[in-house]
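Trainee: Generate the whole structure from the sequences, applying the supplied hints.
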Amino acid sequence: MTEQIYYEDVAEGGEITMLVKEPTTRQLVRWAGASGDYYQIHYDKDFAQSKGLSGVIVHGQLVASFLGQFLTDWIGDKGSLRRLTCSYRGINFPGEAITCQGKVTKKYITDGEHFLDCTVWAENPKGEKTVTGKATVILPFKD
Amino acid sequence: MMENSMISEEYKNRVGEEWEVGVYDIEKGMIRQFVQAVADPNPRWQNEAPPGFILTVGGEQFGQLLGKVFPAGLLHGSTELECYQPVRAGDKIKVTVKLADIRERLSARTAFVTFDITYINQGGEMVARCRQKMVGYDSGGQA
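Chains A and B, in that order, are what the protein sequence lines are.
Under the working numbering, the first residue of the first sequence is numbered 1, with each subsequent residue one higher.
Under the working numbering, the first residue of the second sequence is numbered 1001, with each subsequent residue one higher.
Hints listed in this document are in silico derivations from the structure and should not be mistaken for laboratory results.
This structure is a prediction, so every number in the text was calculated from the model and none was measured.
C-beta atoms are modelled at their ideal positions from N, C-alpha and C, and glycine is treated no differently.
Take every hint as true, because none was put in to throw you off.
Computed Cβ-Cβ distance ranges for the label pairs, DEER-style:
hint	chain 1	residue 1	chain 2	residue 2	range
1	A	V20	B	G1123	35 to 45 Å
2	B	E1020	A	Q49	29 to 39 Å
3	B	E1048	A	E22	23 to 33 Å
4	B	G1022	A	Q4	35 to 45 Å
5	B	R1032	A	P125	28 to 38 Å
6	A	S50	B	P1043	35 to 45 Å
Mentor: Printed below as a string of structure tokens:
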């Protein structure tokens, strides 16, 4: 997709290329089918409203998968995502932008593998961090 | 509602127990369905599945277990995913879930439940593992 990034190209504190996703209700239905998560809060507006919400909400694990895409887009074909943690702190509604962002917190070499630790998050249009987490990726290196 | 109905009585004393969720043949079509649901256009995902895909393997059966554990309602607290090797079409993945921890906060009418899920391939290798933390609440509480 994009040019391969290498361990040497990245500095601690560096930002990860942002990814903006805007899931529709149709995408939530697709996700329900793909994930097997048929909780009605994600497709039945009356049910969602009975739970005190204004409408259906985006599945947390879909946002986690957006963060996965955000990271795999950035690390390229030769990179691998080793660890991703996500805490679901807020709500995303379909039709609204979800902006995936992150920063490199640490780079280190262990057993010949070149690791980056990152902090990652997803924001809603109000600027609230609805999902926050940490990631560890392995990048190729130039020798 | 009983004061402690956030978790069904049946599961309260089963911390440490492990269940086999199922054994799944990973097909190219499942990977395609996943990347369409995420709307991830990366051409890398043909035979190789994106890291987040594994979260959906056995997802429907895990959801059925959650429905039994939390009779009233639940929220997703967090996901901690570790990937050790890529999952590919043709793999046969055995999914096992352990009820790792239950912490009830009766004053807040919530219960924090930790599930540890492991994913083992046809060669007996662990390809990924995931810790899912769920928050159960009773009908007196609000999401």
